[in-house]
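Peer 1: Protein chains in written order, with the working numbering: chain A, 30 to 157; chain B, 7 to 218.
Rather than coming from a laboratory, the hints here were simulated on the basis of the structure. Only a predicted model underlies this, so the values are computations on that prediction, with no experimental measurement involved. Ideal placement from N, C-alpha and C gives every residue a C-beta, glycine not left out. Treat each hint with caution, since some may be false.
[Unchecked claim] Here's a subset of chain A near chain B, in silico, CB distances under 8 Å, partners left out:
id	residue
1	52
2	54
3	55
4	86
5	89
6	118
7	120
8	125
9	126
So you can see what is in the structure, the chains are spelled out below.
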Amino acid sequence: MTDEVRIPVIKLHDTLIVSIQIAMSDHVAQQLKNDLTERIEQTRATGLVIDVSGIDVMDSYLSRVLRDMGLIGKLMGVRTVISGMAPMIAMTLVEMGLELKGVTTSLNLEAALETLKADEASASTEQP
Amino acid sequence: MSGLEQALQEALRPHVSELFIRSVVSFAASRANASLNHLKAGDAKRLLAELSRGIRLYVSDVEVHAELVRRVSAALGEGGGRPMAPEVIDVTNEVDVVVARKRGADMCAELGFSPAMQVRIATIISELVRNIVQYAGTGSVTITPLSPRPGIEVLACDRGPGIDDINRVMSPSYKSKTGMGVGLRGTRSIVDEFEIHTAPGQGTTVRVRKYL
Numbered sequence: 030m031t032d033e034v035r036i037p038v039i040k041l042h043d044t045l046i047v048s049i050q051i052a053m054s055d056h057v058a059q060q061l062k063n064d065l066t067e068r069i070e071q072t073r074a075t076g077l078v079i080d081v082s083g084i085d086v087m088d089s090y091l092s093r094v095l096r097d098m099g100l101i102g103k104l105m106g107v108r109t110v111i112s113g114m115a116p117m118i119a120m121t122l123v124e125m126g127l128e129l130k131g132v133t134t135s136l137n138l139e140a141a142l143e144t145l146k147a148d149e150a151s152a153s154t155e156q157p
Numbered sequence: 007m008s009g010l011e012q013a014l015q016e017a018l019r020p021h022v023s024e025l026f027i028r029s030v031v032s033f034a035a036s037r038a039n040a041s042l043n044h045l046k047a048g049d050a051k052r053l054l055a056e057l058s059r060g061i062r063l064y065v066s067d068v069e070v071h072a073e074l075v076r077r078v079s080a081a082l083g084e085g086g087g088r089p090m091a092p093e094v095i096d097v098t099n100e101v102d103v104v105v106a107r108k109r110g111a112d113m114c115a116e117l118g119f120s121p122a123m124q125v126r127i128a129t130i131i132s133e134l135v136r137n138i139v140q141y142a143g144t145g146s147v148t149i150t151p152l153s154p155r156p157g158i159e160v161l162a163c164d165r166g167p168g169i170d171d172i173n174r175v176m177s178p179s180y181k182s183k184t185g186m187g188v189g190l191r192g193t194r195s196i197v198d199e200f201e202i203h204t205a206p207g208q209g210t211t212v213r214v215r216k217y218l
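Assemble the whole structure, with the sequences as input and the hints as a guide.
Peer 2: Okay, structure coming up:
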C-alpha cells in the first residue's frame with residue numbers, strides 16, 4: 030500500500046492556494062475538501078485559487094471535485110478562481126458537456142491573484 | 007554516435023527536416039529515460055512511444071507518420087510492421103484508472119494521433135474505468151487499435167450490478183448523485199460509435215470507437 034499524499038493548502042496573505050498536481054484518489058480528494066474547509070475558517074481567507082496546471086486529464090469525477098471545492102468556497106464567502114486549465118482539457122470538457130458553470134477561471138496563478146486583488150478592491154470601494 | 011542512433015536518424019529521413027532529426031532522436035531517448043548506446047529490455051517500447059510523439063510534432067500527415075513509426079520500429083528491432091496488439095488492463099482499484107488511461111494515451115501516441123485525440127481518449131478511458139471501480143469494484147478494459155480506418159476502440163467490462171433503465175440514465179435530464187450517467191453521456195458525445203450492454207445483475211459492457 031503506497032503512502033497517500035495530502036495536498037497542501039497554502040496561505041498567501043488573504044488567499045489560499047491549492048495546487049493539484051496528481052490524479053487524486055477518492056480519499057485524497059475528501060481529505061482536501063476537509064482541509065480546505067478548516068483552513069478557510071482558521072485563516073478567514075477571502076480568496077481561493079485552485080491551480081490545475083499540473084493536471085493532464087480531467088474527467089467528470091475531477092470536475093465534480095473542483096465544483097465541490099468552488100461551492101465550499103462560495104458557501105463560506107470566499108471568492109474562488111480556477112487557474113491554469115490546459116486548452117485541450119477545456120476543449121474536452123466542453124465536448125463532453127462537463128464544463129464547470131459559474132466558475133471563474135484564469136490563465137495562470139498570477140492572473141488569478143490579480144483577479145482576486147481587483148475584486149477585493151472594487152468590493153471595498155462599493156461600500157456605502 | 008551509436009549504430010542505433012544513426013539507424014534511428016536515418017529512419018526519419020527525408021520526411022523530418024535535417025535540422026531537427028538529431029534532436030528528435032535524442033530528446034525521445036531522454037524522455038524515455040533510455041540510453042541509445044545501451045538499450046535495456048523495457049526501454050524499446052517506451053522509446054518507440056516517445057519517438058512517435060516527437061515525430062508527430064514535425065509530421066502532420068498520418069500516413070507519413072505511420073510509415074516513419076514503422077521504420078523506427080524496425081530499427082529498434084521491435085518487429086516493425088506487425089499490427090499493434092490490443093492492451094488488456096485488469097481493473098481492481100482507483101490506481102488502474104490512471105494506468106489504463108496512460109496506456110491508452112501511449113497507444114494513441116504510437117498510432118500517431120494528435121495530442122488533442124490523446125487527451126480525449128485518456129478522458130473517456132478515465133470515465134469508463136472509474137465507473138467500473140465505483141460501481142462494480144473490478145472489471146477489465148481492452149484498448150485496441152483499429153484498421154484499416156485508423157482509430158481506437160475501448161471496451162470496458164464488469165460483472166457488477168448492471169444499470170437499470172439505461173435509457174433513462176443516459177438521457178440529458180437524468181441527474182444522479184454519483185454522476186454515472188454524466189460520464190457515459192460525456193463519453194457518448196466524444197466518440198463516433200457507442201454501445202452499451204447492461205441489465206440488473208448482469209454486469210455492464212461498454213464499447214466505444216473513436217476514429218481519426
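Peer 1: Next step is simple, just say for each hint if it's right about the structure.
Peer 2: So, going through the hints one by one against the coordinates:
A hinted interface residue such as residue 52 of chain A counts as satisfied when its beta carbon comes closer than 8 Å to some beta carbon of chain B; here the least separation is about 5 Å, so the hint holds. For residue 54 of chain A, the suggested interface contact is upheld, since its CB lies about 5 Å from the closest CB of chain B, less than 8 Å. Contact between residue 55 of chain A and chain B, as hinted, is supported at the beta carbon level, the nearest pair being about 7 Å apart and thus within 8 Å. Among the interface hints, the one on residue 86 of chain A holds; its C-beta lies about 5 Å from the nearest C-beta in chain B, closer than the 8 Å criterion.
Given the 8 Å rule on beta carbons, the hint for residue 89 of chain A holds: about 5 Å separates it from the nearest Cβ of chain B. A distance limit of 8 Å between C-beta atoms decides the matter here; for residue 118 of chain A the minimum to chain B is near 7 Å, and the interface restraint holds. The beta carbon of residue 120 of chain A is positioned within 8 Å of a beta carbon in chain B (closest approach about 7 Å), and the interface hint is therefore held. Residue-level restraint check for residue 125 of chain A holds (minimum Cβ-Cβ distance to chain B is 3 Å; threshold 8 Å).
Among the interface hints, the one on residue 126 of chain A holds; its C-beta lies about 6 Å from the nearest C-beta in chain B, closer than the 8 Å criterion.
Violated hints are absent here; each numbered hint is respected by the structure.
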